[in-house]
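One letter stands for each residue in the lines below.
Number of protein chains: 4
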Amino acid sequence: MIADKIHISERFLAVRSQTEKICEPLKIEDYVVQPIVDVSPPKWHLGHTTWFFETFVLKPNHKGYQEFDSNYNYLFNSYYESAGARVIRTDRGNITRPGVEEVMQYRAYVNEHMREFLNTNYDERLESLIELGLQHEQQHQELLIYDIKYILGKNPLFPAYSNNPRAESSDKTPLEWLEIKEGIYEIGYNDAGFSFDNEHGYHKTYLNDFAIANRLVTNREYLEFMEAGGYENFRHWLSEAWEWVKENEIEAPEHWHRVDGQWHHYNLNGGLTAINMDAPVTHISFFEADAFAKWKGLRLPTEQEWEVACLNFGLIDSNSNFSESGQYEPVPSQNNNQLNGDCWEWTASAYRPYPYYKAPEGAVGEYNGKFMVNQMVLRGGSCATPRDHIRPTYRNFFHPHLRWMFSGIRLAKDI
Amino acid sequence: MIADKIHISERFLAVRSQTEKICEPLKIEDYVVQPIVDVSPPKWHLGHTTWFFETFVLKPNHKGYQEFDSNYNYLFNSYYESAGARVIRTDRGNITRPGVEEVMQYRAYVNEHMREFLNTNYDERLESLIELGLQHEQQHQELLIYDIKYILGKNPLFPAYSNNPRAESSDKTPLEWLEIKEGIYEIGYNDAGFSFDNEHGYHKTYLNDFAIANRLVTNREYLEFMEAGGYENFRHWLSEAWEWVKENEIEAPEHWHRVDGQWHHYNLNGGLTAINMDAPVTHISFFEADAFAKWKGLRLPTEQEWEVACLNFGLIDSNSNFSESGQYEPVPSQNNNQLNGDCWEWTASAYRPYPYYKAPEGAVGEYNGKFMVNQMVLRGGSCATPRDHIRPTYRNFFHPHLRWMFSGIRLAKDI
Amino acid sequence: MIADKIHISERFLAVRSQTEKICEPLKIEDYVVQPIVDVSPPKWHLGHTTWFFETFVLKPNHKGYQEFDSNYNYLFNSYYESAGARVIRTDRGNITRPGVEEVMQYRAYVNEHMREFLNTNYDERLESLIELGLQHEQQHQELLIYDIKYILGKNPLFPAYSNNPRAESSDKTPLEWLEIKEGIYEIGYNDAGFSFDNEHGYHKTYLNDFAIANRLVTNREYLEFMEAGGYENFRHWLSEAWEWVKENEIEAPEHWHRVDGQWHHYNLNGGLTAINMDAPVTHISFFEADAFAKWKGLRLPTEQEWEVACLNFGLIDSNSNFSESGQYEPVPSQNNNQLNGDCWEWTASAYRPYPYYKAPEGAVGEYNGKFMVNQMVLRGGSCATPRDHIRPTYRNFFHPHLRWMFSGIRLAKDI
Amino acid sequence: MIADKIHISERFLAVRSQTEKICEPLKIEDYVVQPIVDVSPPKWHLGHTTWFFETFVLKPNHKGYQEFDSNYNYLFNSYYESAGARVIRTDRGNITRPGVEEVMQYRAYVNEHMREFLNTNYDERLESLIELGLQHEQQHQELLIYDIKYILGKNPLFPAYSNNPRAESSDKTPLEWLEIKEGIYEIGYNDAGFSFDNEHGYHKTYLNDFAIANRLVTNREYLEFMEAGGYENFRHWLSEAWEWVKENEIEAPEHWHRVDGQWHHYNLNGGLTAINMDAPVTHISFFEADAFAKWKGLRLPTEQEWEVACLNFGLIDSNSNFSESGQYEPVPSQNNNQLNGDCWEWTASAYRPYPYYKAPEGAVGEYNGKFMVNQMVLRGGSCATPRDHIRPTYRNFFHPHLRWMFSGIRLAKDI
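Just so you know, the sequences run in chain order A, B, C and D.
For the first sequence, our numbering begins at 4 and goes up steadily by one.
For the second sequence, our numbering begins at 4 and goes up steadily by one.
For the third sequence, our numbering begins at 4 and goes up steadily by one.
For the fourth sequence, our numbering begins at 4 and goes up steadily by one.
Just chain A, same shape as in the assembly (with noise of 0.2 Å):
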């Protein structure tokens, strides 16, 4: 039990520590705006993931505890119904105090507090809230990296996060089948760890056959599709995608610009720079990777078929390119068959509950269940999701027109 509470105190330390990290190349300016509604600023990240340990983990177990400010839960609560009234999500970037410094000691302090009860009156009970604020972190460690590219990512300058020499790659693995008989399959989560909600309950499910890709799509495969005037043509895609690709004047993934006749794109690392063909389209919308997928006469997998076969094929890859990389970007595949990493993939599947899934009580109820209408299911991680985050069985999900996150597109077929 000693062993177990140093374990989570570090773990604790080693999690809180990596969020402050990501920002570390931010200029002050950078961590207060939200230029659209789906980015965050970061000051509201770093605000809101320790408000997470304070509301649900301090306030009510830890003895004697005083709040830091009571203005913080309207401050950084998301949309925890149950929390009370907050700041309206379109408000965000309007909100200059607390300044970083006192986020930075609003963190100070909750990590203060957390070591000193984690050593003393901690109860085990809690152990499973205290992880759920880690994975809780670490998500926002991600969607930290997707919202920093869209507020550099946007401006005039495209100011780079990182300048670091990037490995060339030459590698194109070429395209594969990977075949899955037909039958009942077991998915969903079945073990002891951390899992949510959603990968609940553990089912079976009924498969045909079919055939999955063995690696992402490329830069060069979309930009086919894109002269072949994949956006002008209303045959290749839904209904509301071809709205959306109107209204919006959709002609190209999220953050390429064209230079002098070129596409380039921005990335984290070196700004506005030339495309790697060879690496995986990323930047898509469920829209795009839909229509691509039609016009290659193909499909999606669903959520079903990815993971079954993650659990046959893929397994979590060491080599595959996650958060730790430091690079934030995605890279040409490795030719390893690995279905994680790199991009989320966009899956044929629409978020709704598992057979036997039951929310949480309470307010951790609030994570996933009340968001399982309208969106779609991705898979896989990417190269901004921390490794240790990851599972086959993790179901993530976006809105199908969303595309500021690290999103790509892995294909299927019948067979």
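Watch out, some of these pointers could steer you wrong.
Identical copies go unnamed one by one, so any copy, or any two together, can satisfy a pair.
Keeping only pairs whose Cα atoms sit at most 30 Å apart, straight-line, the calculated DSS-like set for lysine-lysine is [what the hints assert, rightly or not]:
(1) Lys361 - Lys297
(2) Lys175 - Lys299
(3) Lys416 - Lys297
(4) Lys361 - Lys416
The hints are simulated quantities; they were obtained by calculation from the structure and are not laboratory data.
The structure presented is a predicted model; accordingly, all values stated were derived computationally and were not measured.
Since the structure of chain A is provided, determine the placement of chains B, C and D on it from the hints.
The following block gives chains B, C and D in isolation, referenced to the frame of chain A:
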């Protein structure tokens, strides 16, 4: 073959005249307006269903056919990108010419040429296209009824569409649970006769043990939810549903009005009337159906569960309440487990393609497939559905916030 | 007094029947719709003008008068906060009942009771109120013509309202400048007879030397502006005007259409027709009038200048083109310096109260004063104005972006 | 001439450093955001005022001048169509780079080159352009104060900008009426020294007898209006004003908050504080000023009346409360009839060109003239206006619904 020609010609005229019969009680003024984007002017329905036959059957196949008016393609195309430019949907209610008289002349002209075509140079290979046109017209008959109800029901005078005596039913079917055992089941259309592309392919699915209610949720039961504060408690609602409730100040089903402290509802028959508490609740959105089920500690069935249950218990009951009854309102259950008629039943399933689904080539390929995102499946037909239009495999679909149609709730649960 | 009673009774019926005459060429369908917020359904105009007499004259003054239908106050109130709740303006085009027939019965009923009232217990003190009702109805006659033109002119079939032979005029009045000397002038209404509150008080104003054009700007002159790139050069435009041009992709006056490379316009008489280049340009916004004048190096007259010029040169010419001509379109100038008829003339003046202005007590106090912000004054009447409705002191007003009415340009300059 | 060069060089640096002084109390975070479209980020003001000198003075006139950064034209152009593309106004708050430090370097760089230019190859013919740049910067100093107040005052923490002791005034100036006789008066700028184009031409105007209040309306008087139900009674309001009140749920001036049942307001000095009832009411829209005056049975003065009264009674009083006081809030009147300082005073006049008005050629011609529609004139300067920036002829203008600036009410009446 001669027999078939006669048959299709008769069926053609029968379906076509039914559309006009639905409009008979209208005043000319009622044919013109579009109070919300989802409602089309009755005049437009009359023209659009005719345009379908002119555009897809007569013009390409009936030698020497002279188009009635070259402007009508622009006026009466709904959403077929393949068929050229069209009046934008929100403008349909601003178009006063052609008037009802001209549209009726257009119908007569196309009917006459279709009759001629079906009796002379008719090619059997067109049968499925013509049948599609008739099924399409039946769908618009149903929409016509919804739209007429909306146009009259939102009028401050609450004019009645009909004033027929209403059979006072005192039947109260007790709620019973019909059970299905876990296992592999086959669903989807697998028969001769007409079906839509979205009912294919016929495929296996794995179901867990479950039970489904023998009847729809009644107005009485729904009122309990309302009186228990159902519309004020975020805990029952999906996040987007809760936003919808707040933004639109929803507090009761569509067409409900509080008169002197008592809930009434607008019915086509009789106008504003007291609510029959034993009749199924209707005009509710998926958001409300889902919230009600959660409040009950139950859930909606998936479409797979629904279809298997229907095949096991329901079969289309000849006593079910379809449009042939002419009363266009749900009635108390007659205790026969029918899963058809009265109200379309919201399922827990998002509208996505079945395994092996392929959209047909050409303009008719735009019929179903392009709507397969952000919508939910409904099953079973309603009091506005023609009896010969419905099948156990029939997949209807609407956005989760819509409720101007006859939609209702059948509950399910794990066992 | 008897004479007066007869006079007002006759005048009442004459004005009322003129409203109905304007609607005669309409189909029932045309009476119902509201394609933009500024356009009201003709059926609504018919009801609203009747409601004015029922609400302000009959109900408070005619003993024993029975309201026609208690719902009509809600249906036909326009903007009188004092008169209770009302259909929100944007919903007027969704109201199909009462139908045209019932509204005509409502008119007949109120007419009959007004006739009875005027012939029996009529109180002279009500004369100005009744006259206000008649002037109000004449204003709605003019709006009816604009609205009918918009409803038919935006229909893809461009149906004609009338098909009368059009006198081909070859008159080309040369532009001349009428000069006024600087000094103190008196303006505003100062006579017996009817006038609106906004024409008061009669007051002194100081004018500098100026000159005003003897005729309106013609289509030929306006086309020169268009062909000189007037709509593409921000320099001519007010800032809000330029935003309006860009956002709405304005490139010609309202109701102009390019057919096979030639500009045509929709006219009530004849439908889509070639443009008479010698006729005054019409259906332009203040934004366009102001931009045209700036492009010419000239300006619009202030309303004070206009009124003084009118009193000096114009007087209402009995040959001017008012609604009695029944042709409802501007015609080439007959070289007589008339400042009335054809088109309302945008002035440089914002619509604000005159010195000493006081709004009347009661509901009629809502008639003019509450609109005195963000609108511009127009003067002179149009081809849709009844001749006996206009005066040199008459102040019309519209928002600067509107142009569905007969509006035009008279130029002025400093000398 | 040497003397003049020294003078303009000193004045240049004095004005420029005042801008920076205003920003001194800010945190870096405060410089970045744009909570509403009317508020610009302080960082943007700092850059934009500098861009003015770089673009209009240095680049065209200072030989060998190297642009600081070629991206800055795009970033810091406000609305000059002549000066090329620019960040759309609503996006200003999403631009984090250049940061405050770089913008300050930009200021220093341009200051240094301006100093060099003014001391060497300066051409007297540029004097009026440079003075325009300085007046422009003073206008932005005032906007900076409004915007900082909005950014801090809408923050849930209500941080104070300063915490200086506040002189408790117990002065209560009784309301007196200053009378002006009817006659011809001359207004507009007619002097040496700087003035804006919109103050020209100097011209005659006719005024009737009127009286104007000797002081602004106080918070106490305004609260009486509120407590008399002023915000709930449509009769006091212009039609568009009433819509604005309802839609925005307006019930008090901007920056007022009810704390424990007592009205407080946010002040730059001290944050959320009790209201000094003797101080002038401020942060009200024209709509509110007009409604208040109507409720009193009085009216606002026209700008002609105001200017004549100012020339007769007011003159700019050296005791008036301008920005030099550094307290940035209106104070109780010192009983000296001053018509300047404290609050801009809404007049009854729409902002339109004076007789003989001509916009200058070139980009500076976009300064005033293009805004002359849909705005109202305000007079007199405020507690955020530099004393040497204001004149009796100075015409400020805002849209009638705006109120984030220091705006107030001076009453007038006919006599």
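*Could you tell me which of the numbered hints above are not met by this structure, giving the numbers in increasing order?*
none
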